[in-house]
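**Student:** Using the hints provided, position chain B with the ligand relative to the given structure of chain A.
Top line first, the protein sequences correspond to chains A and B.
The opening residue of the first sequence carries number 305 in this note's numbering; numbering runs sequentially from there.
The opening residue of the second sequence carries number 46 in this note's numbering; numbering runs sequentially from there.
Please keep in mind that the hints were generated in silico from the structure rather than gathered at the bench.
Be a bit skeptical, because a hint or two may be false.
The calculated lysine-lysine pairs, modelled on DSS-like cross-linking and capped at a C-alpha distance of 25 Å, are [what the hints assert, rightly or not]:
{"#": "1", "chain 1": "B", "residue 1": "Lys-235", "chain 2": "B", "residue 2": "Lys-76"}
{"#": "2", "chain 1": "B", "residue 1": "Lys-47", "chain 2": "B", "residue 2": "Lys-243"}
{"#": "3", "chain 1": "B", "residue 1": "Lys-190", "chain 2": "A", "residue 2": "Lys-354"}
{"#": "4", "chain 1": "B", "residue 1": "Lys-190", "chain 2": "B", "residue 2": "Lys-302"}
{"#": "5", "chain 1": "A", "residue 1": "Lys-418", "chain 2": "B", "residue 2": "Lys-235"}
{"#": "6", "chain 1": "B", "residue 1": "Lys-235", "chain 2": "A", "residue 2": "Lys-354"}
{"#": "7", "chain 1": "B", "residue 1": "Lys-76", "chain 2": "B", "residue 2": "Lys-190"}
{"#": "8", "chain 1": "B", "residue 1": "Lys-243", "chain 2": "B", "residue 2": "Lys-76"}
{"#": "9", "chain 1": "B", "residue 1": "Lys-190", "chain 2": "B", "residue 2": "Lys-200"}
Chain by chain, the residues run as shown.
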Amino acid sequence: MGYPRQPSIFLSEEHDAFRTTVASFVQREIRPHADEWEAAGECSRELYRKAGAAGLLGLRYSEELGGSGLDFMATAVLAEELAKSDSIGTAVSLMAQSEFALAILADEASDEIKARWMAPAIAGELIGAIGVSEPGAGSDVAAITTRAVRDGGDYVISGQKTFISNGTRADFITLAVRTGEPGPKGISLVVFPTDTPGFEVGRRLDKLGARASDTGELYFDECRVPVANLVGEEGQGLRYILSHFGGERLVIASFAVGIMERLIELGLDYAAERQTFGSPILGFQTWRHRFAEMATSCEATRLLAYQAARLLSDRDPAGDLAVSMAKLRAAEAVQSVAAEVLQLHGGFGQMEESPIPRYYRDVAGFSIGAGTSEIMRELISRSLISTINTNPTNKETAR
Amino acid sequence: MKVVVCVKQIPDPADPGALDPETNTLKRDTKLILDESDSYGVEMALQLVDAAGDGEVHLVSMAANNEVGGLRTALAMGASSATIVSDDALGGSDALGTSKVLAAAIARQEPDLVLAGTESSDGYTGVVPEQVAELMGLPSVTFAKSISIEGGEAKIQRQTEAGYDDVECPLPVVVSVTAGVVEPRYPSFKGIMAAKSKPVDELDLDALGIDAAQVGWAGAGQEIVAVDEAPAREAGEVIEDDGDAHERIVAFLDDLKIL
Ligand SMILES: Cc1cc2nc3c(=O)[nH]c(=O)nc-3n(C[C@H](O)[C@H](O)[C@H](O)COP(=O)(O)OP(=O)(O)OC[C@H]3O[C@@H](n4cnc5c(N)ncnc54)[C@H](O)[C@@H]3O)c2cc1C
Numbered sequence: 305m306g307y308p309r310q311p312s313i314f315l316s317e318e319h320d321a322f323r324t325t326v327a328s329f330v331q332r333e334i335r336p337h338a339d340e341w342e343a344a345g346e347c348s349r350e351l352y353r354k355a356g357a358a359g360l361l362g363l364r365y366s367e368e369l370g371g372s373g374l375d376f377m378a379t380a381v382l383a384e385e386l387a388k389s390d391s392i393g394t395a396v397s398l399m400a401q402s403e404f405a406l407a408i409l410a411d412e413a414s415d416e417i418k419a420r421w422m423a424p425a426i427a428g429e430l431i432g433a434i435g436v437s438e439p440g441a442g443s444d445v446a447a448i449t450t451r452a453v454r455d456g457g458d459y460v461i462s463g464q465k466t467f468i469s470n471g472t473r474a475d476f477i478t479l480a481v482r483t484g485e486p487g488p489k490g491i492s493l494v495v496f497p498t499d500t501p502g503f504e505v506g507r508r509l510d511k512l513g514a515r516a517s518d519t520g521e522l523y524f525d526e527c528r529v530p531v532a533n534l535v536g537e538e539g540q541g542l543r544y545i546l547s548h549f550g551g552e553r554l555v556i557a558s559f560a561v562g563i564m565e566r567l568i569e570l571g572l573d574y575a576a577e578r579q580t581f582g583s584p585i586l587g588f589q590t591w592r593h594r595f596a597e598m599a600t601s602c603e604a605t606r607l608l609a610y611q612a613a614r615l616l617s618d619r620d621p622a623g624d625l626a627v628s629m630a631k632l633r634a635a636e637a638v639q640s641v642a643a644e645v646l647q648l649h650g651g652f653g654q655m656e657e658s659p660i661p662r663y664y665r666d667v668a669g670f671s672i673g674a675g676t677s678e679i680m681r682e683l684i685s686r687s688l689i690s691t692i693n694t695n696p697t698n699k700e701t702a703r
Numbered sequence: 046m047k048v049v050v051c052v053k054q055i056p057d058p059a060d061p062g063a064l065d066p067e068t069n070t071l072k073r074d075t076k077l078i079l080d081e082s083d084s085y086g087v088e089m090a091l092q093l094v095d096a097a098g099d100g101e102v103h104l105v106s107m108a109a110n111n112e113v114g115g116l117r118t119a120l121a122m123g124a125s126s127a128t129i130v131s132d133d134a135l136g137g138s139d140a141l142g143t144s145k146v147l148a149a150a151i152a153r154q155e156p157d158l159v160l161a162g163t164e165s166s167d168g169y170t171g172v173v174p175e176q177v178a179e180l181m182g183l184p185s186v187t188f189a190k191s192i193s194i195e196g197g198e199a200k201i202q203r204q205t206e207a208g209y210d211d212v213e214c215p216l217p218v219v220v221s222v223t224a225g226v227v228e229p230r231y232p233s234f235k236g237i238m239a240a241k242s243k244p245v246d247e248l249d250l251d252a253l254g255i256d257a258a259q260v261g262w263a264g265a266g267q268e269i270v271a272v273d274e275a276p277a278r279e280a281g282e283v284i285e286d287d288g289d290a291h292e293r294i295v296a297f298l299d300d301l302k303i304l
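Next comes chain A alone, as it looks inside the complex (with noise of 0.2 Å):
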């Protein structure tokens, strides 16, 4: 049985084929093993070649570096589609590859650099991640301490970094390091290639979910990176990462829609089979009604989504709030969802032969990575408070 998809106004007759393409690629590339990645902690560097040459690694980025030049509609149904392989984990690591390392250097890198990492990553040739995150500063991004220091041609970096996806074995690492004063304006990125002497990854870090996603430690002592793989301008990092944080909300509030569907999917399969007292679980009213609110969840994320999606692309200011909210809802949309899912199936949710206990795992990180919830409903609620105080007729009120 299919998930019963509504046709969409935000999407066009080539998105459909475009989504029979990713889930193709799915059934004959991921699914089949999902269960092996997950295992090992880690999807195939091959996986990153084909994605690479079924053109999936670079839907945003222009033709010239072998991209396909389209928009955050095409991100969104592709996020959606690599969900349903049963391995998150697998789809975290060819985003955190096709989105999160390479979207900054798309907009703001020079050009030496998007030839040199950004063409051969979007062919799955190397594998890149991105690199903000340290023990002491998650949320609190302008807390930073990893450093680089100017000498010569160089800059000298040292450091730790830790919570990185594709961390354990990423060519490249767009990385966040602190240039100058302490606080939001000392920030920069390098781009920094991992065989640079003084870089060590430490441990592969063993996760309750996204299992065949590796997340590294990575530590950094005195290596030297030439000052041309600085990204755009000294000291404007924050900045740079604030402002493309939206492909990362929007791909994570894709999983959790690509997810809602397969789980309603599976669900629906195993309420039309299994008997209780004479009568399949979706004969029981309880059942179906709560089919019915999951449903309307799914969609309600995906509109969510697709607006947020729609906003980024045409670089509308309002996307940065849309897509805040797509992610809050997404994650307690598709949390419900899956201990929904779990409960249905009874002790056989339990078992490890099922991909419900994983879909249960993998989707609790959902809240927390690339921003969390509270973060989340800090940012609306900024933006919804910032809208009083600029309306002359309220600020009496404000103050």
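**Tutor:** Showing chain B with the ligand alone in chain A's frame:
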């Protein structure tokens, strides 16, 4: 080099619809998709044209109502153009009727090579490529697992039960390609966009100069008289190991002539 690939558009196997109880044929009123067993021929044709350095891949399909859903997928993979043949008189065509139509449409392209799948995933007659070759007066090679073009000849590895035959054949030739021998590429978003503007020639029986009495229900020499449920899968044989299980497994495989 010009390669023509026969492409069948079939109901989605994930949502196949139903049999028409009157005619015992598949209702084809749902959206049609590219038959997966034809995607191997498309891929092989694209690889051959790539290797030749120039040329094009043209698709030929017969379906009702000028349906192009499946053709667009193959165009998005990289084929250059397509012919779709539709005509109300084609309903009920058997394999030979279909072959007459395909042969006429292919001949207009004057191809160097014609590729087809060995059999379709919805009909499984498995005779169309050979009939097309006969009607066109071309040599036919079946069950190809690889094809290369060298010095104006096709060199084909033809799968057999024991291994494969090396076949050399002058061009043009009609070759049926075994499913699974190449990895069909995924239609990229760029390819999907490009496919929208690729030319698709819509033809009917008049345009092909085919008499309606030769095809469709009127010309069919084949009739489906009954359809039965496939027998349910029987339970397999369980071999308990009393120390001699390996010998019994060998004997079992030997019986099946697998060893
Ligand atoms: C699987 C996974 C993959 C990741 N991949 C990457 C990656 O590739 N690159 C990268 O740089 N990072 C990555 N991260 C890190 C991720 O971005 C951070 O974990 C996230 O930003 C939260 O930071 P933190 O863990 O330090 O939590 P903290 O910031 O310490 O937050 C702890 C708790 O406090 C709450 N909190 C914090 N500040 C406030 C506030 N102002 N008001 C109210 N509540 C607050 C948070 O919401 C949270 O509930 C990854 C994380 C995970 C789990």
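**Student:** Against the structure, test the hints numbered earlier, and report the numbers of the ones violated in rising order.
**Tutor:** 7
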